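Protein chains in written order, with numbering that gives the first Met the number 0: chain A, 0 to 254; chain B, 0 to 254; chain C, 0 to 254; chain D, 0 to 254; chain E, 0 to 254; chain F, 0 to 254; chain G, 0 to 254; chain H, 0 to 254.
Just to be clear, a hint being listed does not mean it is correct.
Unchecked claim - Covered stretches of chain G, going by a simulated chain H footprint (3 or more residues, C-beta under 8 Å):
| no. | stretch |
| --- | --- |
| 1 | 129–138 |
| 2 | 209–219 |
Unchecked claim - On the chain E side, residues computed to face chain G include the following (Cβ under 7 Å):
| no. | residue |
| --- | --- |
| 3 | Gly-164 |
| 4 | Ile-165 |
| 5 | His-171 |
| 6 | Ala-214 |
| 7 | Leu-223 |
Unchecked claim - So the derived label-pair ranges between C-beta atoms look like this:
| no. | chain 1 | residue 1 | chain 2 | residue 2 | range |
| --- | --- | --- | --- | --- | --- |
| 8 | G | Glu-120 | E | Thr-176 | 50 to 60 Å |
| 9 | C | Arg-172 | H | Ala-200 | 42 to 52 Å |
| 10 | H | Gln-108 | D | Leu-14 | 53 to 63 Å |
| 11 | D | Leu-14 | H | Glu-120 | 47 to 57 Å |
| 12 | F | Ala-91 | E | His-171 | 58 to 68 Å |
| 13 | E | Gln-108 | F | Ala-91 | 19 to 29 Å |
| 14 | G | Gly-99 | H | Gln-108 | 50 to 60 Å |
| 15 | A | Thr-176 | D | Pro-77 | 53 to 63 Å |
| 16 | D | Lys-56 | G | Pro-119 | 54 to 64 Å |
| 17 | H | Leu-14 | F | Ala-91 | 20 to 30 Å |
| 18 | H | Gln-108 | D | Arg-153 | 37 to 47 Å |
Just so you know, the hints here were simulated from the structure itself, not pulled from any lab data.
Here the structure is a predicted model, which means the values were calculated and not measured.
Every residue gets a Cβ at the ideal spot worked out from N, C-alpha and C, and that includes glycine.
There are 8 protein chains.
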Amino acid sequence: MKERELRHLLDLVRLGTLSPERAVERVKHLPFEDLDFAKVDHHRALRQGYAETVLAKGKTPTQVAEIVRAMLRHKGGPQNILVTRADAKTFAMVRRVNSGVGRAAKFHQLSGVITIERNPEIVGKGLILVVSAGTSDIPVAEEALLTAQIMGNRVDHLYDVGVAGIHRLLEHRGKLTSARVIICIAGMEGALPSVVGGLVAVPVIAVPTSTGYGASLGGITALLGMLNSCASNVTVVNIDNGFGAGCVAACINRL
Amino acid sequence: MKERELRHLLDLVRLGTLSPERAVERVKHLPFEDLDFAKVDHHRALRQGYAETVLAKGKTPTQVAEIVRAMLRHKGGPQNILVTRADAKTFAMVRRVNSGVGRAAKFHQLSGVITIERNPEIVGKGLILVVSAGTSDIPVAEEALLTAQIMGNRVDHLYDVGVAGIHRLLEHRGKLTSARVIICIAGMEGALPSVVGGLVAVPVIAVPTSTGYGASLGGITALLGMLNSCASNVTVVNIDNGFGAGCVAACINRL
Amino acid sequence: MKERELRHLLDLVRLGTLSPERAVERVKHLPFEDLDFAKVDHHRALRQGYAETVLAKGKTPTQVAEIVRAMLRHKGGPQNILVTRADAKTFAMVRRVNSGVGRAAKFHQLSGVITIERNPEIVGKGLILVVSAGTSDIPVAEEALLTAQIMGNRVDHLYDVGVAGIHRLLEHRGKLTSARVIICIAGMEGALPSVVGGLVAVPVIAVPTSTGYGASLGGITALLGMLNSCASNVTVVNIDNGFGAGCVAACINRL
Amino acid sequence: MKERELRHLLDLVRLGTLSPERAVERVKHLPFEDLDFAKVDHHRALRQGYAETVLAKGKTPTQVAEIVRAMLRHKGGPQNILVTRADAKTFAMVRRVNSGVGRAAKFHQLSGVITIERNPEIVGKGLILVVSAGTSDIPVAEEALLTAQIMGNRVDHLYDVGVAGIHRLLEHRGKLTSARVIICIAGMEGALPSVVGGLVAVPVIAVPTSTGYGASLGGITALLGMLNSCASNVTVVNIDNGFGAGCVAACINRL
Amino acid sequence: MKERELRHLLDLVRLGTLSPERAVERVKHLPFEDLDFAKVDHHRALRQGYAETVLAKGKTPTQVAEIVRAMLRHKGGPQNILVTRADAKTFAMVRRVNSGVGRAAKFHQLSGVITIERNPEIVGKGLILVVSAGTSDIPVAEEALLTAQIMGNRVDHLYDVGVAGIHRLLEHRGKLTSARVIICIAGMEGALPSVVGGLVAVPVIAVPTSTGYGASLGGITALLGMLNSCASNVTVVNIDNGFGAGCVAACINRL
Amino acid sequence: MKERELRHLLDLVRLGTLSPERAVERVKHLPFEDLDFAKVDHHRALRQGYAETVLAKGKTPTQVAEIVRAMLRHKGGPQNILVTRADAKTFAMVRRVNSGVGRAAKFHQLSGVITIERNPEIVGKGLILVVSAGTSDIPVAEEALLTAQIMGNRVDHLYDVGVAGIHRLLEHRGKLTSARVIICIAGMEGALPSVVGGLVAVPVIAVPTSTGYGASLGGITALLGMLNSCASNVTVVNIDNGFGAGCVAACINRL
Amino acid sequence: MKERELRHLLDLVRLGTLSPERAVERVKHLPFEDLDFAKVDHHRALRQGYAETVLAKGKTPTQVAEIVRAMLRHKGGPQNILVTRADAKTFAMVRRVNSGVGRAAKFHQLSGVITIERNPEIVGKGLILVVSAGTSDIPVAEEALLTAQIMGNRVDHLYDVGVAGIHRLLEHRGKLTSARVIICIAGMEGALPSVVGGLVAVPVIAVPTSTGYGASLGGITALLGMLNSCASNVTVVNIDNGFGAGCVAACINRL
Amino acid sequence: MKERELRHLLDLVRLGTLSPERAVERVKHLPFEDLDFAKVDHHRALRQGYAETVLAKGKTPTQVAEIVRAMLRHKGGPQNILVTRADAKTFAMVRRVNSGVGRAAKFHQLSGVITIERNPEIVGKGLILVVSAGTSDIPVAEEALLTAQIMGNRVDHLYDVGVAGIHRLLEHRGKLTSARVIICIAGMEGALPSVVGGLVAVPVIAVPTSTGYGASLGGITALLGMLNSCASNVTVVNIDNGFGAGCVAACINRL
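This is chain A alone, in the form it adopts within the complex (with noise of 0.2 Å):
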């Protein structure tokens, strides 16, 4: 594609349409809008996804609020606004923000994730299948549903399915089978993402949760556990990283 574009460019420069000075500046040019303290890529949505993000954790709610109004203000036609690990202050000034521009922002508090949905097209082929282990898994659970929701899928999930009441999990077997993607939410022993990955079918990206005490060593064992799983269809991503795996079923389910 770059090679494209600088064909394109390099003919105008020839043709005299364009003069070096511009054509420089042209290639220079990328798409992303500088705040000095965050390089807003609005071109990343349009690269890998159909919302645009930010991580509230280790910026101040006047940081995200500047970094979301930027995104209000791009042209590039009306994007999903995600916003993970905000607490309830973030979500006021995101508000104040986001007030009379739109669509209203939305605070899902379990998982501190606020949503601003700006285009409800659904963009993904089949079902993301949220499936948890335990109840105190559902935050990692529910940020996970949400990303690939506002991404632009159909989403359902099955929460309580832990393996040493294997008969829950086989319970809902069809379920299960529905799904296009799937993503396995588990603490402790994290044990969920094996059985699962061997009743099915298609790809489960499995997120350790930091549930658990003493030797759960704050998610690691599970984190652990999954990257050894016997099932050869899983992945893993980072611990209570919600997030992350919505974002890559939502990747996988535009294929």
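Given chain A's structure and the hints, the job is docking chains B, C, D, E, F, G and H onto it.
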């Protein structure tokens, strides 16, 4: 599916065609074959891929050969056969078992992979590209590539494109964007998947390798780096798990 | 058991007493109740112990109270109810749910355990003895003791008998040898189970605790020490997992 | 017991039957035999099991043989003898020491176990079942099984039933429920004990194995997973510690 | 000692002065006092030092005060009393318990140490010198110094002499060589004991501290460094364990 | 140098100008000032940089202010003063100590740095460029930048140029190549220094940050990644150690 | 630079001297040579040093020799060639490839380094001094020294000056202060760089080595210690990475 | 001491007896001998013990022999010589160097220790007792024992007294209480020092060993356990560091 089968059995029972005793037997008779030390699961191949696979590591050459013999014997249409982490001795025994049965077994020395191609059909919808960082990552890359190929996919590779010479990688953006699924293999700091992930819109399966020394911790560093990738289309499999990456890529490419 | 049930169902189908459709439903109808965020598994209590249990950590007080309400509602004969890792707020909500229903809920502050005793029957065959090394191990010891007790066992304890004052422990050899199962709780170097294990012939369930500082690594050191115990009648559960130790001890004591 | 003995001694002293000097000697004379480099503890066998055991690893073949010779010499009724982690060389020396003395010593090559059966009595009350996940877990499984057997238990096994093919395991629910104690052996993610634990009501001794590679960390991952098991009847022993699992299972099965 | 006591008892029994029953009781009656939650071991003070000590961390203020009360009550000659890791609240309770009994309790805020000096006798043979690397290591240094002092030793200190300014340390070689035992306290890279150890011929007790950040890993780095010290007169205690270092130094200084 | 000084002293002694006693004193009188809890080393500033520095973390506000007062008092020509990891309270005390003495103290809130510029001279030969990957890395970046600046260097920065959007970085190759020393700051996978190192020929000081979650392990992952950098001009300092990076960069830039 | 080149190309295009097609080719034609398994980057040598380098570890002797052949073939002025982590077999193949081409290849057995000196020019401005702690650190020290030398620097060394005998180091302060860059190599506790860093005003590149045993953790302890160095002119490279230290030192010495 | 020497030198200078040049030389002339690859420090033996020592690991046999030759050559009164971690080959070379010089060199195969006794004087004031837990800990125990002995101490040992058979240890309380310093060696859970420390009033030097498997982590578990010992007279040295323990014990025993 199970429900349908069960209903069918029950209908037969109701009609008196099948005695309850035999029905119980049938329900129990799942399609795997018991070699005492290993249960060969012919249905897994049907469920999850287009090849039957054996991990040779931790098994004696004789055990591997016996499993391959059972696979060759199986009546369910000729499946490709893949043996991973094998050595020359295991290959010799496998070749003997396979001789005269069909296509010759091939030994891929760098990766220790044995392939017996019995079904050349291409079932993957796009190209699977294997990208690797350094020369010493090639054995793992080859395992991934052969796995994807034997499971019915078109494959290509791009080797020795580490991030400290970013121009080498950027040179091949065309190849990168031609792939439907990318497998990205790197040791040491494991930074390649982040850069590759940022350049494409398709899923990237990251495989850390155990190359390196000292603080590379046998691949743990690359693994951790990949799990923390700031590119949101990257998922990770176990260290040196080229086989797993090939499986997942094949699984995604069939969607 | 499953086989027998299945055969019985099939017999009913053959006799025309049960339609195939209903038989399918019956097979599917496993005895758990769906609260959306949690699947209450009444049968687990029947299968594995004599109490229904809730881990309060990671659940909101309201969620815990709802689960307890469902347990109280259940028709399968009055089971004892155990809530672990609860705080005063959760206890207040549980007490409200339980009020007027039967035996009062009790809050054991040291360990954060809530017990609702509805069935005082003793089902364990011998004594379960809880032995702990230091004063700060007592919360975990209490969790183990209450768990074993609520599951229908006679229990006793022996506290503050660390190995650096071996005479304190040897003083109580009589108590040690009176037990059918021993739960042994220690932090820091976790040496107590090895010494206790060498003094008795019954199974010793070792529980590492997170007491200590620095190189105690939050209980990892005690855990590792116990896993390396040179006494061959010692097994180990997770750090601070008094509940798990109580369950296993109860499970063994029913044999 | 010690108290009773002591009182008896004191009575003898009071009666003048025993001089104080000799009484002191008697109290001190505990029943172990000093080989200088090892103290053979004949009473441990009486106290804790029905076999005398030697860990060959870390000892020279000569040392092992000397210890076995002392065991054979001991007058306390014929005990079975178990040597673990031995090699062919050690077996040769043990066989020489044992030749002509009684039952032949047997070498179990897969696990490196040597058994000398001198007492065929069954003392365990129920069946001990050894369940393992993969073919490469069999050496550890065999060590566990032989240990339980030589200690006077009926044993059975169920191999190659990993959780990624859950139907294989569910096929054998009958066998699972027939056991009084289960030993559950798995490497990689170590998920098997959670699933097995959820299917039965008896104690499950989990043994992590060092099979696997990369993020399996030589068995640490399986170990951590098992310690975090969500099934409440699971306890854990050290990595590859089939012997320990066999001992604990025997200890429980005698209750 | 035990042998002599036992022989004496037996002589009394033989002479009819002591009945066997009472002899058994006497043997059993070891000199510790049971507070239910803690066994106060008055003999340990006699055996191992010249102070009775309580670790306040992990105990409630009331528990600490009760233990101190029992110590004050004890008839074995006035011992110094040391409470470590206490806060103001615990001190208030201890002061109340101690008021009017004798010497005032003192609270040393930096280290959280409470001392009640009841016996000013110097029993150590030489000087114990506490050397520390940085300003933030002083709390641990103070704990070590007060512990050594309350156990009857002359003490001195040398603070803020880190190895990156080696001349500061070399300035005080005189002080270093005047000590009979040195306690050496350092965080970060923990290099001080190696340098100090190389400059003196007396034992150096190294105490790693949890000061530092990032790769200091809460003191693990300093701990590991000290364990690898190339000076052969260095031994190590736990992270931040000023108390332990003071005890060991006192123990050596009494020799 | 020391040799020359010593020879000079000895010459004075030989000439009778200096008595042996005073000579001994002189040799001993090294130029640092003792505040009891801290030894202010005025010469270190001369030896190693152009600023006197205090790490506020682990010191009380009063201690910090006292150290600054001693620095202000010192007669050796006005040095810049740098306090790192300070909070508002410490700043208030430092400001009071500094008031009326000279240039105002400034508090840089993001990084917690206090600067007192007393000597504006530029001593570094080239530009020090601070490059950082994400918005949340800016506090560490600011600490590095201010440290380099207060030590007499021209500085510039380039923020939010993570490797997953490689075009952002490549956009600024001009800036990168204008630097004489680069400080490169990144959390998560820590891949930025490898890419930057490959683009320039000057030394790159890599600083891992503790941003991220889960498998970022508080910065350990970034640290390990940087240590394994495949670019050969990269060295590493401790996690979040912006100060250290600034010092080293200043040290190199003076060469 | 890239910008200037691009502008020049565009000028040629505008002038019609260069066709757009060829311009595209030129832009793409970066100066590296493809050996299929490795991309030899001749420009890296120009960009980053004065030697072309190969890491032999992880490559077959044939692969190494092929890469060296390509380097020898390259037309860009004779560069020195450095092969690290080679063995005798690799050296034999390299020697054959090099024979008759120019200066003889030398094999430095202790460190496994092969050097082919083709350009004796000194380009570094000052002396690079390699300081090491113990005899067993010498192989890494030699790798660092030869790397710095082959890249055109004057080098010297100071071996066996560990911190437990601080006088040995202080003896050589003259040598230390004569260096422009210091490489400081130590295993075990890794304390040497802190002491050396405190004695000089120039940058100190610290290299941890994997010498030691037990808690030295294969060099991790030394690595962690160096990262926590309290001397502010110390940076760190990977364990045993003498090559990297030599490169960085050369890079700094060219400034 | 240094001060006194310096004053003496200065007096000589003042008196004209010594020229300044020579005085400078004298100050510089510290008593170590340079073998280029190792600096033999004859004074360390005087300062820190009664033997000169070489760690053979990481040195070639020739290097070890050369160091021994220099030690034998040294004129400062016959010192004992100790070589640790040697093999038969190194012993052969050492024996050759020593032949005809004096007392024969002895090789202690279990521990790999070589001793050359040249000075039989006993300088330690009491008995050093080496206590070890298992048969496989004996090599480390022997290294400790021989080190203490060659440094002029009376030594005794007590082997195979692990804590799981506590009666074995209690049997030997007499021996324990006869020691002035105890070295306590254990692998696996490393619990022995806590129990021993609680039984005696003298310092206990704990040495973890790398015996064990799985969760023993090569001795890390024993090391951590010992660092967390609840006995306050226990200090710790590195894993398998029998030599270090012997040195420290000798150092204490000379006090």
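Between H/Gln-108 and D/Arg-153, does the beta-carbon spacing fit 37 to 47 Å?
holds, 46 Å
At least three residues with a C-beta closer than 8 Å to a C-beta of chain H: is that true for the stretch 209–219 of chain G?
holds (count 5)
Do G/Gly-99 and H/Gln-108 keep their Cβ atoms within the hinted range of 50 to 60 Å?
holds, 52 Å
Falls inside 53 to 63 Å, the C-beta gap from A/Thr-176 to D/Pro-77?
holds, 59 Å
Hint check for F/Ala-91 and H/Leu-14 - Cβ pair distance inside 20 to 30 Å
violated, 60 Å
Is the gap between the beta carbons of F/Ala-91 and E/His-171 within 58 to 68 Å?
The hint (58 to 68 Å, Cβ to Cβ) is violated, given that F/Ala-91 and E/His-171 are roughly 35 Å apart.
Hey, does the E/Leu-223 contact hint survive, CB to chain G under 7 Å?
Check passed: Cβ of E/Leu-223 comes within 4 Å of chain G, closer than 7 Å.
Can you tell me whether the CB distance of D/Leu-14 to H/Glu-120 sits inside 47 to 57 Å?
Given about 55 Å between the Cβ atoms, the range holds.
Does the CB of E/His-171 sit less than 7 Å away from some CB of chain G?
violated, 13 Å
Interface restraint verdict for E/Ile-165 against chain G (beta-carbon cut-off 7 Å)
holds, 6 Å
When the least beta-carbon distance from E/Ala-214 to chain G is tested against 7 Å, hint result
This hint holds: E/Ala-214 lies near chain G, its Cβ roughly 4 Å from the closest one there, short of 7 Å.
Given a hinted range of 19 to 29 Å, is it respected by the beta-carbon distance of E/Gln-108 and F/Ala-91?
Between E/Gln-108 and F/Ala-91, where Cβ atoms are some 22 Å apart, the hint holds.
Of the numbered hints listed earlier, those contradicted by the structure are 5, 9, 12, 17.
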